[in-house]
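Turn these sequences into a full structure, and let the hints guide you.
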Amino acid sequence: MNNDTLSLDRIDLKLFLDDSVEVDWEGCVQVFTHWLKADPDEEEWLDIADYTHMPQGPGVLVIGPEKHVSIDDRRGELGVLYSRREPFSGTNIERLQQLVSETARFACLLEEADVGVKVKTDRLEFVVNDRLGFPNDAETAAALEADLRAALASAGELSFERDEDPGQRLNLIAHPAEPLTAADWADGVPE
Amino acid sequence: MSLTVRNADIASKIASIPPEIERELNVFEIELDRFQNDDIPENIFTEFRLRHGVYGQRQDGVQMIRIKIPFGGVTTEQMEVLADVSEEYADGVSHITTRQDIQYHFVKISDAPALMRRLASVGITTREACGNVVRNVTACPEAGVCADDAFDVTPYAKALANFLLRHPEAQNFGRKFKIAFSGCEDKACGLANMHDIGPIAALKEVDGEMKRGFRFLVGGGLGAVPHQAKVLYDFLPEEELLPVSQAIARVFTQHGERKRRMKARMKFLIAKIGIDEFRRLVEEEREKLDFDPRWTEYLNHLKDSEESPLKPPSTLDETDLPDDFLRWKERNVKPQREEGYVSAQVTLPLGDITADQFRDLAAVCRKYVKDTIRLTVPQNILVRWLSEGDLLDFYNDLKAIHLDDFGTEGISDVLACPGTDSCKLGISSSRGLAAVLREKFLDESYDDVRHLSVKISGCPNSCGQHHIADIGFFGSIMRKGGHVAPHFQVVLGGQQQGNAQSFGLAVGKVPSKQAPAFVDRLLDLYRAQAEEGEAFASFVERIGVQTVKENLSEFNDLPEFDDDDSFYFDWGQAREFSLQSGTGECAGELVDLVEFMLTEADRWLYEAALRFEKDLYEATALHTLQGMQRAADALLTTKGIQQKDLQTTAADFKREFVETAQFWAPFAEFFDKYIEMDKSALNEEGAHIAIEEATLFVEQAHEVYGRMQIQAEKKPRTAAKKAPKAAAKPAEKVEEIVDSLDLKGVACPYNYVRTKLRMEQMNVGELLEITIDDGEPIRNVPASLKNDGQEVVDTKKIGSHYRLIIRKAE
Numbered sequence: 002m003n004n005d006t007l008s009l010d011r012i013d014l015k016l017f018l019d020d021s022v023e024v025d026w027e028g029c030v031q032v033f034t035h036w037l038k039a040d041p042d043e044e045e046w047l048d049i050a051d052y053t054h055m056p057q058g059p060g061v062l063v064i065g066p067e068k069h070v071s072i073d074d075r076r077g078e079l080g081v082l083y084s085r086r087e088p089f090s091g092t093n094i095e096r097l098q099q100l101v102s103e104t105a106r107f108a109c110l111l112e113e114a115d116v117g118v119k120v121k122t123d124r125l126e127f128v129v130n131d132r133l134g135f136p137n138d139a140e141t142a143a144a145l146e147a148d149l150r151a152a153l154a155s156a157g158e159l160s161f162e163r164d165e166d167p168g169q170r171l172n173l174i175a176h177p178a179e180p181l182t183a184a185d186w187a188d189g190v191p192e
Numbered sequence: 046m047s048l049t050v051r052n053a054d055i056a057s058k059i060a061s062i063p064p065e066i067e068r069e070l071n072v073f074e075i076e077l078d079r080f081q082n083d084d085i086p087e088n089i090f091t092e093f094r095l096r097h098g099v100y101g102q103r104q105d106g107v108q109m110i111r112i113k114i115p116f117g118g119v120t121t122e123q124m125e126v127l128a129d130v131s132e133e134y135a136d137g138v139s140h141i142t143t144r145q146d147i148q149y150h151f152v153k154i155s156d157a158p159a160l161m162r163r164l165a166s167v168g169i170t171t172r173e174a175c176g177n178v179v180r181n182v183t184a185c186p187e188a189g190v191c192a193d194d195a196f197d198v199t200p201y202a203k204a205l206a207n208f209l210l211r212h213p214e215a216q217n218f219g220r221k222f223k224i225a226f227s228g229c230e231d232k233a234c235g236l237a238n239m240h241d242i243g244p245i246a247a248l249k250e251v252d253g254e255m256k257r258g259f260r261f262l263v264g265g266g267l268g269a270v271p272h273q274a275k276v277l278y279d280f281l282p283e284e285e286l287l288p289v290s291q292a293i294a295r296v297f298t299q300h301g302e303r304k305r306r307m308k309a310r311m312k313f314l315i316a317k318i319g320i321d322e323f324r325r326l327v328e329e330e331r332e333k334l335d336f337d338p339r340w341t342e343y344l345n346h347l348k349d350s351e352e353s354p355l356k357p358p359s360t361l362d363e364t365d366l367p368d369d370f371l372r373w374k375e376r377n378v379k380p381q382r383e384e385g386y387v388s389a390q391v392t393l394p395l396g397d398i399t400a401d402q403f404r405d406l407a408a409v410c411r412k413y414v415k416d417t418i419r420l421t422v423p424q425n426i427l428v429r430w431l432s433e434g435d436l437l438d439f440y441n442d443l444k445a446i447h448l449d450d451f452g453t454e455g456i457s458d459v460l461a462c463p464g465t466d467s468c469k470l471g472i473s474s475s476r477g478l479a480a481v482l483r484e485k486f487l488d489e490s491y492d493d494v495r496h497l498s499v500k501i502s503g504c505p506n507s508c509g510q511h512h513i514a515d516i517g518f519f520g521s522i523m524r525k526g527g528h529v530a531p532h533f534q535v536v537l538g539g540q541q542q543g544n545a546q547s548f549g550l551a552v553g554k555v556p557s558k559q560a561p562a563f564v565d566r567l568l569d570l571y572r573a574q575a576e577e578g579e580a581f582a583s584f585v586e587r588i589g590v591q592t593v594k595e596n597l598s599e600f601n602d603l604p605e606f607d608d609d610d611s612f613y614f615d616w617g618q619a620r621e622f623s624l625q626s627g628t629g630e631c632a633g634e635l636v637d638l639v640e641f642m643l644t645e646a647d648r649w650l651y652e653a654a655l656r657f658e659k660d661l662y663e664a665t666a667l668h669t670l671q672g673m674q675r676a677a678d679a680l681l682t683t684k685g686i687q688q689k690d691l692q693t694t695a696a697d698f699k700r701e702f703v704e705t706a707q708f709w710a711p712f713a714e715f716f717d718k719y720i721e722m723d724k725s726a727l728n729e730e731g732a733h734i735a736i737e738e739a740t741l742f743v744e745q746a747h748e749v750y751g752r753m754q755i756q757a758e759k760k761p762r763t764a765a766k767k768a769p770k771a772a773a774k775p776a777e778k779v780e781e782i783v784d785s786l787d788l789k790g791v792a793c794p795y796n797y798v799r800t801k802l803r804m805e806q807m808n809v810g811e812l813l814e815i816t817i818d819d820g821e822p823i824r825n826v827p828a829s830l831k832n833d834g835q836e837v838v839d840t841k842k843i844g845s846h847y848r849l850i851i852r853k854a855e
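Top to bottom, those sequences are chains A and B.
If you count the first sequence from 1, you need to add 1 to reach the working numbering.
If you count the second sequence from 1, you need to add 45 to reach the working numbering.
Calculated directly from the structure, the hints in this document are not laboratory data.
There may be inaccurate statements among the hints.
[To be verified] Quick list of in silico lysine-lysine cross-link-like pairs, DSS-like style, CA-CA up to 30 Å:
#, chain 1, residue 1, chain 2, residue 2
1, A, Lys38, B, Lys153
2, B, Lys841, A, Lys38
3, A, Lys38, B, Lys203
4, B, Lys415, B, Lys203
5, B, Lys841, A, Lys119
[Stated by the list, open to error] A few chain B positions that, by computed beta-carbon distances, are all more than 10 Å from chain A:
#, residue
6, Thr49
7, Val138
8, His150
9, Arg163
10, Phe196
11, Leu371
12, Ala619
13, Met722
14, Asn832
In this text, all values refer to a predicted model and were calculated from it rather than measured experimentally.
The C-beta atom is built at its ideal place from N, Cα and C for all residues, glycine as well.
Following this line, the structure appears as C-alpha cells:
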C-alpha cells in the first residue's frame, strides 16, 4: 500500500488444513498448554479458549497479548489461524512477510506435535481485521493485493480471489502456482 | 473523535452518535490515556472503567467488555455491528449472558474506545453494564406476544432502563442493582422474585376502568445467600413506576451497607430493617421528590413500542415434514397470542455465537421478520412474529448456518456463567462441565427428562443461577496431599416457575470429573422413583436430602493424586488445577477465602432456617453450629490458622479472638453453648433462639473481619510509599536471620499469612528464613511478599522444598 495509506496493524492469516486428517482437539489443547507453560521470555501467552462446543466455531485458541493462534473451524474450513493484535514492525510489506513466516512457524509446530494438523498451502487467506481503516472494496483490495504480491514475490506466481461482501473484513485468498509446505514459509518468505 | 475511519458506511454511522454520548466516549478515552500515563491511580480508574462496562479478566492484560441490551431487544443492524466488533476486538465470539446482554472476552483496553464508538453508532451502550449501578434491565422475552401476560411490559422496561441510566441518584450504591420485568405471575421467564426490583404486570379495576400497574416486588436476589423478593405493593399504578423506583434508589443509597460488600445488596437491607420499614422509607423519599416529566411522558407513547409482523399470518402445511424439523419445532417454537404467528428460539451452545453466525442470522431474520428479536435469559435468541407458514424455510435457513440445535430451555440447554474461562471469581470450570453435560443430554436417551433444567455457576455467586435449577452446581475445591481438585457443590430442587418461586438446597459436593456420573445416578433415581407427573423439586423434597446424599456419597471420594491425577485437572485443561491463575495472588486469595468462608457460614444459617420451617429442630441447631464454626474458621484463617475440627476451632478461636477482646464475648459464648448442648432436646422456641444467636455470632464475625480490612487499609503500604529518600529515616540493615518458619505442608494462603504475621513482629532490615513447598506455594508466596514490599533476598531449592530469605522492608 502507498505511504499515505494506513499501516496494517491488525492482520490475520489462515492456512487451511488437509481435511482428510482428523484434528485431535484434546491434543491441540495439550500443545497450547505446553506453549503456555514454556519460557515467557520466548513467547508470551495468557490462556487458552476452548470453543469446540460450537459447530463451525473458532475451535481452540491460545491467546497472547500480541497474537492469537488457533485451530479454527469457522465456515466449516479447518485451518491454523494467526491473528495479529499488536502491529509488527516495519513497512506493510515487511509486516505481511512476518505474518506469513510467523503463521507458518506455528503451523509447523502443530504439524510436528502429531495432533492431526496437516497444513495445505495452496490457499493463504489474508484478512485485515480492521473495518474502520480498510473497507472491503475493490480499491482497497487492489492496494492490498499489490502489497501481497511484493511481499510474496519470491514465492512465484500468485493468483487472488476475494469475498466481495462489503460487510466482511478486507480479505484476499492467495493461490501460489506452486504450493509450498508450511516449513518452506516458516523461515521467511521463500527465496 | 480519535478514530481513523476510511470506511464511509461506518464513518456515517459514527457521525450520527449524539453529542452527549460522543462526549462520554471522549471522557473515557481521556481517562484511559491518563491512566496509561500514570496520572490517575489504578483503583480510581478501575471503578471508572467498570461503570463503562470494562471488567478485568482473570488473565492479565485483557478485559471483558459487557454491553447493555435493555430487555434483550436487538435489531438486525445491531446484530451485524455486534458481530463485527466481536471479530475485530475480541475472540470472534459474542457471549449472551443471563441478563440478556452480551459479553466480549480478551479485549485490549486500548481497543475499548473504538469498540464503544462502533456500538454507540447503532445505539448500544456499555455504560453501567458493570459496577455498583443499575445493571441491564431484563424482561420476559415473550412480552407482548405471550398469551398469558397482562400487558406488554416492554415499554415500561425500556422507560425505566433509560430513566435510571446515568441518573444521578443511581450512581452511588454500595452494590449492584438488578431489575427484571415479568408479564405474568406464574411462568419462569421474568424471574422477578430474584431481583432487587421485580415489577409484575397487573390489571386492576379502578372506578370502573381497567388500570395498568404492577405487583411490585423488591429485595430478591441470588448470590451466595439467596433471598426471595418481598411485596412492596400489591398494585403500583403505572405512573408510579419511575418515581417509586427513584425513591428506592435513594433509600438504597442512603441506607444500604457500604463497608461490607458481601452484605451490601438491597436484599440485606430489607432483611435487616423489614419490608414495612423499607416501605416507609421509600414513601418518605417519594414525597420529597421533585416532579420529573419523564415519569409519565413515555406513557403517551406506549404504542411506539408495539411490534408488527413483516408478513401476513399463515398456517404451516403439515404434510411430509422432516423429523429433524418436527423435533426442533416441538422444542423451540411457541405459538403467539396472535393467530398465524409463532416465536422461535435459536439455541446457542453455552450462549455463544460466532461473528459469521450472528451476521448470517441477521440476514435470515430480515427475510422473515422486522426487528422483533430478543436475547433471552437462558442465553438464546428469540425471533418473534414469524408467520407460521414460513417456519420450515426459517428452520432450513438456520440449519444452513448451523444454528438449528433443538432443546431450548430443556435439559440440554445447560446454562453456565463464564467461570474460570475468564472471570476473576471463578473457582472451577462451569463452562467446561456445561459443555460435557450438554453433549451428553443431546442424546435421545435423555428425552424423558428433557423438561429438567441444569444450571452451573463457577463460584457461589450464582451468575449461573444454580439456585433456581432442578439440578444446580456451583464451583468449589478440595485439597488433598498438596494438590487441589476442582469440585462442584450440588444444589437441588430450585424452581424457575412463578418467577423463580423457590430456591434449591445444597446437598454436598462432588469432584468436577464425577459430576456427569452423579447426574446420571440422580436422573435414574428420578426415573425410577418419581410419581407420575411429579416435579423434580417435589421429588427431591419427598425422598429427602438424606437419600440424595447417600447416592452422592459414591461419587464424592477424591482419589490421591498419584492414584488418579485426572481428578486434579479441570474440564478441557491440560494443566493441573490450581485455585488461582497467575502468580502473586496470595493476598487476594486470602481475602477471597475468608469471604468465601463467611459466605458459607451465612448459607449454613440459611439452611438452618429452612429446616426450622420444616419443624426439624435438631437439624436446625446442627446447622447453626456449622455456621458458627465456619465463621470462626474464617476469622482464624486471617491468623494463618488452618481449620481442623470443631474442638480445635473453638479453642483457637477463644485464644485468638475472645481473649484478645476482638470478638464480643457474650456473642462468642453462643458458640460454646451449642457445642455443649444436647441438641436433640430442642423444641421450636429453642431452635428459633439458636438461629437468632447463631446469626448474631456470624454477623459479629463479619463485623470483625470488616474492621480488620479497614485497619489494613489505614496501614500505609510500604510498596506504595513515595517519600523523598532524604526525608526517610535510614533503615538500619541487620544482616542476620533472626527467625525461621518451617511451612512445609502448609497450603496457600496460610503459608503467606503466617510469614506476613511473623514479619510484622520483626524490625526493618531483619531477615526471616522460611521453607515452603514446590508448586503453588513457590509460585505465590514470594510474589505476594514482593507485592507487600518485602525483599526476597535469596531463593534456594532444597530437595522438594524451597528455602527463602526475606528482608523486612520499611
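Here is how each hint holds up against the structure:
Distance check on the hinted pair: lysine 38 (chain A) and lysine 153 (chain B) sit about 22 Å apart at the alpha-carbon level, within 30 Å; holds. A threshold of 30 Å between alpha carbons decides the hint, and for lysine 841 (chain B) with lysine 38 (chain A) the separation of about 21 Å falls inside it, so the pair holds. About 48 Å separates the Cα atoms of lysine 38 (chain A) and lysine 203 (chain B), which puts this hinted pair outside 30 Å; it is violated. A C-alpha spacing of about 19 Å is found between lysine 415 (chain B) and lysine 203 (chain B), which places the hinted pair at or below 30 Å, so the restraint holds.
For the suggested pair lysine 841 (chain B) and lysine 119 (chain A), the alpha carbons sit about 44 Å apart, so the restraint of at most 30 Å is broken. Threonine 49 (chain B), annotated as away from the interface, has a beta carbon of chain A within 10 Å; the closest lies near 6 Å. The claim that valine 138 (chain B) lies off the interface is violated: its Cβ sits roughly 6 Å from the closest Cβ of chain A, which falls inside the 10 Å cut-off. Under the 10 Å C-beta cut-off, the non-interface status given to histidine 150 (chain B) relative to chain A is violated; the minimum distance is some 7 Å.
Distance to chain A contradicts arginine 163 (chain B) as a non-interface residue, since its nearest Cβ pair spans about 8 Å, not more than 10 Å. At roughly 38 Å, the least C-beta separation between phenylalanine 196 (chain B) and chain A is larger than 10 Å, which holds for a residue marked as non-interface. Distance to chain A confirms leucine 371 (chain B) as a non-interface residue, since its nearest Cβ pair spans about 21 Å, more than 10 Å. Some Cβ of chain A comes within 10 Å of the Cβ of alanine 619 (chain B); the nearest lies about 4 Å off, and the non-interface call is violated.
The non-interface label for methionine 722 (chain B) is consistent with chain A: the shortest C-beta to C-beta separation is roughly 50 Å, beyond 10 Å. The beta carbon of asparagine 832 (chain B) sits about 19 Å from the closest Cβ of chain A, which is more than 10 Å, so the claim that it is off the interface holds.
The earlier numbered hints that this structure contradicts are 3, 5, 6, 7, 8, 9, 12.
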